[in-house]
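*Asks:* Listed below, chain by chain, are the residues.
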Amino acid sequence: MSRKIAFMLAAMVLLIMLALPVYAAPQIGQPAPDFTATDIDGNEFTLSEFKGKKVILEWTNHQCPFVVKHYGSGNMQATQKTATDKGVIWVSIVSSAEGNQGHVTPDEARTIMTEADAHPSAKILDPSGTIGHLYEASTTPHMFVIDEEGILAYAGAIDSKSSPNPATIEGATNYVLAALDDLEADRPVATAQTQPYGCGVKYSH
Amino acid sequence: MRFIRILLLMMFALMLFQGASAQEGDQESKPDQYVKIRVLPERNIVKPGDEILIGIEQSIYPQWHTYWRNPGDSGAEPRVEWDMPDGFAIGNIHWPTPHKIPYGPLMNFGYSDNAILLQKLTIPETLPDGPITLTATVEILVCKDICIPESGEYTITLNDKSIPPEDNSAYLAAAQAHLPVPVPWHASYEVDGQDVVLKVQSDNISFDSIKPEGFEFFPLEWGLIDNPTPSKTTLYQNEIVMAQGRGERSLNEIKATEIILAFTNSENQRQAVSFIASHTTSTQGTGFIGAKNLKPVASTSITKALLFALLGGLILNLMPCVFPVLSIKALSLAKSAEKDPGHAKLSGLAYTAGVMLSFIAIAAALIGLKSAGAGIGWGFQLQDPLVVAALAYLLFIIGLNLTGVFEIRGHFGNFGDKLTQGDGLAGSFFTGVLATLVATPCTAPFMAAAIGYALIQPAYVSLSIFAALGLGLALPYLALSFVPALQQILPKPGAWMNIFRQFLAFPMFASAMWLVWVLSQQTDSMGLLHILIGLVMLAFGFWLLNHSPKKKSARSLVQILAALTFLSAVFLLPFNSKENETPRIESLSLGETYSPEKLASVLLTDDPVFVEMTAAWCITCKVNHAVAIDIDSTRKLFTDKNIHYLVGDWTNYDEEITDFLNSYGRNGVPIYVYYGPRDIVTGKRTAPKLLPQVLTPSIVERELNKL
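Protein chains in written order, with our numbering: chain A, 1 to 205; chain B, 1 to 707.
Everything labelled a hint here was simulated from the structure, so no lab data went into it.
Mixed in with the good hints, there may be bad ones.
As the list claims (entries may be wrong) - Derived coverage of chain A by chain B (criterion: at least 3 residues anywhere in the stretch with Cβ under 8 Å from a Cβ of chain B; other residues may be distant):
# : stretch
1 : 157-164
2 : 190-197
What the hints assert, rightly or not - Chain B is nowhere near these chain A residues, computed Cβ spacing over 10 Å in every case:
# : residue
3 : P31
4 : A37
5 : E44
6 : Q77
7 : D182
Unchecked claim - Derived SDA-like pairs: lysine to any residue, alpha-carbon spacing no greater than 20 Å straight-line:
#  : chain 1 : residue 1 : chain 2 : residue 2
8  : B       : K36       : A       : N165
9  : B       : K706      : A       : A172
10 : B       : K144      : A       : A172
11 : B       : K120      : B       : D640
12 : B       : K689      : A       : T191
13 : B       : K144      : A       : G99
14 : A       : K86       : A       : H119
15 : B       : K144      : A       : H103
16 : B       : K211      : B       : A272
17 : B       : K641      : B       : V609
18 : B       : K598      : B       : S278
Even glycine gets a Cβ: it sits at the ideal position worked out from N, Cα and C.
Turn these sequences into a full structure, and let the hints steer you where they fit.
*Replies:* Structure below.
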């Protein structure tokens, strides 16, 4: 009898734990929601595998003018290179639903990356919006920085100037690089949360 | 530079072209622009000094939308930059009431069909003849399923006789009528479980006749609410309560925000008001903008703080209220030490114990009061008119005693005879207590800031600092009692001492006078008159006692009369002082009165803000104000930089000001905080800057120009 109750309790706890990441919005200073995904090259991975390394999640949509602002100017690639050179895992995620702007096939995604000279550690297509909803990603770009312990350290905009005009990149504060610097210097991240700006993520309606 | 700008503009245009060509598959016939912009002056003929409205009219393609200042979950606010001749000034954008625009699981705040942004243009006093052109560069994001940034330059020409006069005043006035109406409603928000609850109160509006269905609220700050969740509205007689899912930001970061509240009125029209709402919590109101500045002091700086406290205590010996008591005590020592050096040492120790224990007792009482939740700081002893008046009495009585109006023949506390004779360890101890007591009005004005700092440290640090302060105060006398060589330096006692003693009454009277002046800032003219009468009564009473006749019956009568005058002096003390009396500071002609709401509302503007916290009894504050702030160059700087200048008066107890001080890790005045202007591009302010506690014009100028 008591064994039955224990089992039921365990099952309930397990269920709640499974359900939690789905319903809890990611919070700064809390563990980043875990997910399993297959990248465009067919490699399956789980976020928690990267424990011990910093991870950056970037929501993208190559046709969004704000994404074009940062890729057209080379700003995103430069940020990406600075990060990956330091051993940071960079995951680009496309949550555009089928039929919506920015939705691509793996081959198209590869072409876009080659043309833009982008080198993320992994690129994920998330047309169902599962990972997007998990992180409540709302814009492209929308950036998340996760520390070595798997704790969400930064969420928000790529930089401080919410204009689509690439001329504003010069003089803007790159929040992602600033967060990485803070993490490396073992300081608390000074700006841990900002209002993301850009096009809305093209989830299925 | 110009070339680079053109190049960037071309790149931008090219990008737009790419952006547009990316949707070639669209079935709709695409317009050149999804949002057509017109920049309309109220009129195109202006006179010097005029103020006219400029409308930036957006005609938005069907089903597409543009954004409000807070765009919601995605998007970006439009940007307008003006290129104008010198002397022209353009005001902030006035935004029409936004709409909620759902987009999939997201919610945006913005406009569809038509929207007119309004700006106020100020024409300079000197206006050249002939046409004037002003150019607005408008960058605007327009979205439907996809987003397209559009931009253009729009020119308006004023006073050009070759073009017909234009009058858009009726059109823009209509647009103005659609702006949210600023209202002085009292509003606050707090977290309630998964929701943020906004409470709005107004005494003169009945809300219960309005339909709750049409209520929508739009906070200017992002992340306060979960944008897509619908809000639940409950209307009461004079109160609106709205609950909506909580946003992703911690409310500690959002101390106040402007809120637009839209509703459907009884004529079925959409109407909106705007007001400032501030964050309330049930916990202590210590948090405010900059609360993170509060850090416990490091151990290295504790040593430094103790040294400074010791030095401060030493300096206290020279204060007009302390110096007379001590010098007499010191002179008496020379006499007694000759007879009995051992007794002199003991007397020195007793005095030191008296001083240090009094200081520790005050510190302990303060810490106790603070932990019990009383929002007090150093200088509190002068915030209560009763204490100020009592101290004025005390100093005045000491002064009377020194001049020889009376001598007390009692057990202790005879400042004249007993002190000069220097006998009795209890006497020495209580001289120490008295020295501390008379020193308190002097510590507040000069050391309020330093002691205030000590008080926000952990208890053991505060107590040590106060003990060091006491030791510093006692040190000269202690040294004197232990080192015979020092005693030799003192002049030989003699008849001159009596004259010197009388002379020392004048610093005492001066201190008492100063306290009466402080009191005059805290009470009305009647209260001031009461205290002055009280002082006369005291003098009269002591004079009576000193001249009591020999005959027993007559003596009793005189003593009763004296007792009555003393009693009347006590009754004249300001026992029931009015709290929160309106501050009366001379500097108010220059600045506006501080309140948290006022600060929150000026921080919402783009202009810089300067906050000064002062008190009538704070000498440092007065000197800083006179030397560095209320001078032509600083006043000009304030005007030139369009600085909002707020002054808070801490002369009387004020919890809101105490909260402000605490939020910057301070516990005393003065404090000067400068909030730099809002960055036009990012829409953010840099972190507020604390100015030093001793100001010079150049420090003010340097700090204000830095941001």
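*Asks:* Now, for every hint given, state plainly whether the structure supports it.
*Replies:* Evaluation of the provided hints:
Given as covered by chain B, the stretch 157-164 of chain A passes the check, having 5 residues with a CB less than 8 Å from a CB of that chain where 3 are the minimum. Counting residues of the stretch 190-197 of chain A whose CB lies closer than 8 Å to any CB of chain B gives 4, so the stated coverage by that chain holds, three being the minimum. Every beta carbon of chain B lies more than 10 Å from that of A:P31, the smallest distance being close to 16 Å; the non-interface claim holds. The beta carbon of A:A37 is kept farther than 10 Å from every beta carbon of chain B, the shortest such distance being approximately 20 Å.
Residue-level check passed: A:E44 sits 26 Å from the nearest beta carbon of chain B, beyond 10 Å. Distance check on A:Q77: its Cβ is at least 16 Å (rounded) from any Cβ of chain B, clearing the 10 Å threshold; non-interface status holds. With a least beta-carbon separation of about 15 Å from chain B, A:D182 lies farther than 10 Å from that chain, consistent with its non-interface assignment. Proposed proximity of B:K36 and A:N165 is supported: the alpha carbons are some 19 Å apart, at most 20 Å.
This hinted pair checks out: B:K706 and A:A172 have alpha carbons roughly 19 Å apart, not beyond 20 Å. Restraint check for B:K144 and A:A172: the C-alpha separation of about 27 Å exceeds 20 Å, so the hint is violated. For a cut-off of 20 Å, the pair hint linking B:K120 to B:D640 stands: about 18 Å separates their Cα positions. Only pairs whose Cα atoms come within 20 Å are accepted, and B:K689 paired with A:T191 is accepted, the gap being roughly 18 Å.
Between B:K144 and A:G99 the CA atoms are separated by roughly 14 Å; this keeps the pair inside 20 Å, and the hint holds. As the CA atoms of A:K86 and A:H119 are separated by approximately 14 Å, the hinted pair is consistent with the 20 Å bound. In summary, the hint linking B:K144 to A:H103 is supported, as the alpha carbons are separated by about 16 Å, within the 20 Å threshold. A distance of roughly 14 Å separates the Cα atoms of B:K211 and B:A272; the hinted pair therefore holds under the 20 Å criterion.
Straight-line distance between C-alpha atoms of B:K641 and B:V609 comes to about 10 Å, which keeps the hinted pair within the 20 Å bound. A distance of roughly 11 Å separates the Cα atoms of B:K598 and B:S278; the hinted pair therefore holds under the 20 Å criterion.
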